[in-house]
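Trainee: Following the hints, complete the assembly by docking chain B onto the known chain A.
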Amino acid sequence: NAGVTQTPKFRVLKTGQSMTLLCAQDMNHEYMYWYRQDPGMGLRLIHYSVGEGTTAKGEVPDGYNVSRLKKQNFLLGLESAAPSQTSVYFCASSYSNFAGWKFFGPGTRLTVL
Amino acid sequence: AQKITQTQPGMFVQEKEAVTLDCTYDTSDQSYGLFWYKQPSSGEMIFLIYQGSYDEQNATEGRYSLNFQKARKSANLVISASQLGDSAMYFCAMSDPPGYSSASKIIFGSGTRLSIRP
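Chains A and B, in that order, are what the protein sequence lines are.
Under our numbering, think of the first position of the first sequence as 44, with each following residue one higher.
Under our numbering, think of the first position of the second sequence as 121, with each following residue one higher.
Pulled out of the complex, with its shape left as it was, chain B reads as follows:
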C-alpha cells in the first residue's frame, strides 16, 4: 500500500531564508506522481509542483523546487527566499497510475505547518 510521511508537524523560518520541507513515500508502483500543495488559512488547496517518477530532472516552479531522490524515496520541497505569504500548511501527496477501470488516486501526508517570521 502507498504511504506518505511528513515528519515535521511545524516549522518556523526567518523571512528570506530558504526552507526544506521533508517528505518520504512508500510504493510498489514503478510509475507514480509526487505533488506538493499549499493550504493557506483561507482553506483552499493550491497546487505548487509536480514530479513524475521517471523524470530525471528535479521539478522547479519559480521559488519552489522538488528535491527528488528516488532511491531514498524522498520528495522534499525547497522554498527559496521565503516570504511572509508562504506561511501556510503544506501537504506532500502521491498519485498512482490508473488501472483498467479504476481512477488514478492521490493520497496525502499529514502536512507541515510553516510559519515565516518577519
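Here chain A stands alone, though its shape is the one from the complex:
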C-alpha cells in the first residue's frame, strides 16, 4: 500500500514549456486534489475531482488543466509554464466526507525559469 505518490519529485522548466504532474493513489478514494504551496504560505487548492471523469476548479485554477481518466490517477498539466507557477505542488486524496483528509503525496518542487 503506497498511499499517495507523485511523479516527478523535482522539475525545472523554462518559460513557455509544458509538463504534466502525475498523482496516483491506491486507496480507492473517490476524491483527489491538487494544491500548490508558495513560500511562507499554506496550501491553496488548484483543481479537484469527485470521481473518475470529473474535474472542478479550486481557488487558483488559472494556467492549469487536469484530467482524471482513471480513478487512481489525477494529472495536473501546465500548458505554457510561467515563473509565477514556481511552487511546490501537493496531491491529496480522501474519502467522500470531511473527515478523511489524511493522505497527502510527498510533493513536487517545480521551478520555472
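Please note: incorrect hints may appear among the correct ones.
The list that follows gives simulated cross-link-like pairs (lysine-lysine, DSS-like), each with its CA atoms no further than 30 Å apart [unchecked claim]:
#1 B:LYS190 with A:LYS52
#2 A:LYS114 with B:LYS136
#3 A:LYS145 with B:LYS123
#4 A:LYS100 with B:LYS193
#5 B:LYS136 with A:LYS145
Worth flagging that the hints you see were computed from the coordinates, not collected in a lab.
Mentor: For chain B alone, coordinates are given in the frame of chain A:
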C-alpha cells in the same frame, strides 16, 4: 466564506516543555472538520490530529491534543513534552462537508514555525 487564522508566525520553546499553537476559524457550516499538519524541513505534509465539529471530547493522538472551543471558534494544538524532532512548520486546516456534486474541500492557515531549543 471559510477562513483559518494562525497568529503566531514563529515560536521558540525549550525542549521538554509543553507548547500551544493557536488557531481560530470562521465558518457558517454546522458540520466541519479541523486538522493539524506538521511539515518538517523535508517538505512532506504529515497528518497529526483531527477534530469533528460534533465531537464533544477533545481529540488526542499521543503527545498531541486539540483544544477545541466551539463557541470561541478556536482549535489550538497542544504538544506535551516537546522534542527536538518537533521543530517544523505546523498548519491548522478546516474542511467543509461535501455538496451534491462538489467535494469536501480543505483550507489552510498560513502556518506557525516551531523551533525547539535543546
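Trainee: Hints first: check each against the structure and report whether it holds.
Mentor: Going through the hints against the structure:
Note on LYS190 (chain B) and LYS52 (chain A): the hinted pairing is violated, with a Cα-Cα distance of about 39 Å set against a maximum of 30 Å. In summary, the hint linking LYS114 (chain A) to LYS136 (chain B) is not supported, as the alpha carbons are separated by about 45 Å, beyond the 30 Å threshold. For the proposed pair LYS145 (chain A) and LYS123 (chain B), the alpha carbon gap of about 20 Å is at most 30 Å, so the pair holds. Distance check on the hinted pair: LYS100 (chain A) and LYS193 (chain B) sit about 28 Å apart at the alpha-carbon level, within 30 Å; holds.
Among the hinted pairs, LYS136 (chain B) with LYS145 (chain A) is consistent with the structure: their alpha-carbon atoms are about 27 Å apart, no more than 30 Å.
When held up to the earlier numbered hints, the structure conflicts with 1, 2 and fits the remainder.
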